[in-house]
Amino acid sequence: MTATTLRARHAAAPRRPRDVGKIVRETLFYLAVVIVVLIALFPFYWILRTSLLSNFQVSQGVGGKNGVIPSSLSFSAWKNVFTQDDFQRPLLNSAIVALGCTAVTVVVASMAGYALARLKIRGTGAILGFILLAGFFPVLAMIGPLFLVLRHLGVLNNIYPLIIVYLVYTLPISTWLLKNFFEQIPAELEDAALTDGATRLQTLRRVVIPVAVPGVFTAAILSFILAWNDFAFAVAFLSDPHKFTAPLAITTFGQSQFQVFYNLIDAAVVITSIPIALLVLFAQRRIVSGLTAGSFR
Amino acid sequence: MTAEAKQAPVTGRPAVTGRPAPVGHARERTDRRLGYILVAPVVLLLLAVTGYPLVYNIWNSFHSDNLTFANSPHNFTGLHNYRVSLSSAGWVPALERTLVFTAVTIAFDIVVALGLALMLHRNFRGRGFLRAAVLIPWAVPTVVSAMLWKNMFDPRYGFVDYFLGAFHPAWSSLTWLNISVFRSWVAIFVADSWKNIPFVAIILLAGLQVIPNDVYEAAKIDGASWWQSFRRVTLPLLKPALSVALIFRTLQALLVFDVIYVMTGGGPGTSTQVLAYLNFKFFIINTDFGIGGAMSIMLCVLALIVSAIYVRAFRPQTAR
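Protein chains in written order, with our numbering: chain W, 41 to 337; chain S, 345 to 664.
Where hints are given, some of them may not hold.
Just some of the chain S residues that point at chain W, by a computed CB distance under 10 angstroms [unchecked claim]:
| # | residue |
| --- | --- |
| 1 | L378 |
| 2 | N415 |
| 3 | L439 |
| 4 | E440 |
| 5 | L443 |
| 6 | V444 |
| 7 | V448 |
| 8 | A451 |
| 9 | F601 |
| 10 | D632 |
| 11 | L646 |
| 12 | I649 |
| 13 | I653 |
If you want the footprint, here are the derived chain S segments under chain W, 3+ residues with CB under 8 angstroms [as the list claims (entries may be wrong)]:
| # | stretch |
| --- | --- |
| 14 | 420–429 |
| 15 | 485–494 |
| 16 | 567–577 |
Think of the hints as simulated: they come from the structure by calculation, not from any bench.
Heads up, the beta-carbon is just placed ideally off N, CA and C, and yes, glycines get one too.
The whole structure should be built from the sequences, with the hints applied where relevant.
What follows is the structure in structure tokens.
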């Protein structure tokens, strides 16, 4: 292999036109990268920009002094978002539901992931198949029956049942991910402990769980994102603005009968995106590996 | 990796030290019991949120159940709900719209995502930044991306018309949503693709990363051009990743809901009313759980058929 690369390098070196072509290609490549980054991030710049306009500037529309870079900024929308209770409360609700769902997911999926990877239970294949199928189940088809159930139990318009309902988003991917993760931990590690006379549960606590922390962490991040992002269940089950989750609140926020306050909406949009954006920036490697872990098996 | 894991026997392997394993079969039995206990919560919880609604929907779809007439008995109505869904309730037009949307979205998303994946696969400075930049649109809530694009497509407050105005004065005040059917679809399509292409790209990137480098080297030695090695080497080896991406994306597109709800509410008229939105309308707005149930069952069957087609099409072949 080294011989061939060397040969290739020698062959390419003396020719100048190649180099020019390479420079052009590199430039085009970086140009494409810049375009992709712009497409991905410019809309975020735009909402940040709009959120920093005063009500008067917003009512004037885009253009003139309020172009791509507005001539003056105002923090009135941000102040309003934080003083008005109708967005603070939804943010808190979203945090409660997403964190609650993540906690349940992590515990339940770790248990199942370990059992499916290590303990030879009958029907492992069937159980894994069922979990996968549940992950593909059309969410909108569940809304009606679950609505009736929650209504019957008198917990419609309550955020806590969402913790259970959101498990349909988080459990399938987390269980698969953790199962794959446990499979990669060398079995020798546990066997050594078991041969030394430790029980299965002791081995779990002392040996497996410490090694499994990164996998569990990945599952937790993905679960939080998935639970935080739900809209369908929230819009179907919640009708009292005080009980709204953040994504649901955004859709009704800042709209009076006479004007749409885009600066207010966009401030809310920015705030709702921030926790997710931070997660992505700090844990992009984990997210990518988590998303792709169960893909090709 | 799976193969390795499967080869490594988990329990009951010959004891290396020569000592017999202390508990042997007994341990296997207690292990199995522990296994069932550990797996039970996942299975029960998922049954509660998917299996139960499915059965409930099937029952509802053959009965009349409408909260508007809460006091009337839930009589057995046979196939009536299905007949109504297929004739007057607008399920068939919604199906057509959904299928067209799905086909267009998938074709576009996969091609763009493939380009993006090839870009991310290259080793260059700033790759980490590009990957994070691309991931953020995927990670934000769909409602956020829909709201954001609704704002962008607003003729007064957004940038789309502001920039288009530079090319043609008449384009500076185009109304995109809820006036023109075509432009409404374009806006929905843009918002949906912007959010979902990153996910497809990440899956394809993972597929690219497992292709060993020697294969490319070999192609290069044989004098293959970039295009030839892409067509003959990359694409065939990318098949597993492509199939995963296709299945995920197709099911997502078939069930598109959030974007439609936020951006057009199914309008203008009912022209962007897709299957999931129609289903939502019957469940939550009309509170008709009979017809809604029938539509749900048809939606599930549709999703199942599509998955089955993909699984068949991408079944690993033993001989090429």
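Results of checking the hints against the structure:
1. L378: holds (6 angstroms)
2. N415: Since the shortest Cβ distance to chain W is 15 angstroms, the answer is violated.
3. L439: Check failed: Cβ of L439(S) comes no nearer than 14 angstroms to chain W, outside 10 angstroms.
4. E440: violated (18 angstroms)
5. L443: violated (15 angstroms)
6. V444: violated (19 angstroms)
7. V448: Cβ of V448(S) sits 19 angstroms from chain W, so the hint is violated.
8. A451: violated (19 angstroms)
9. F601: holds (6 angstroms)
10. D632: holds (9 angstroms)
11. L646: holds (9 angstroms)
12. I649: Violated, about 12 angstroms.
13. I653: violated (14 angstroms)
14. 420–429: Since three or more residues must qualify, the claim that chain W covers the stretch 420–429 of chain S is violated, with 0 doing so at under 8 angstroms.
15. 485–494: Coverage by chain W holds for the stretch 485–494 of chain S (7 residues, Cβ < 8 angstroms).
16. 567–577: With 0 residues close enough to chain W, the hint is violated.
The structure fails hints 2, 3, 4, 5, 6, 7, 8, 12, 13, 14 and 16 (numbered hints given earlier, in ascending order).
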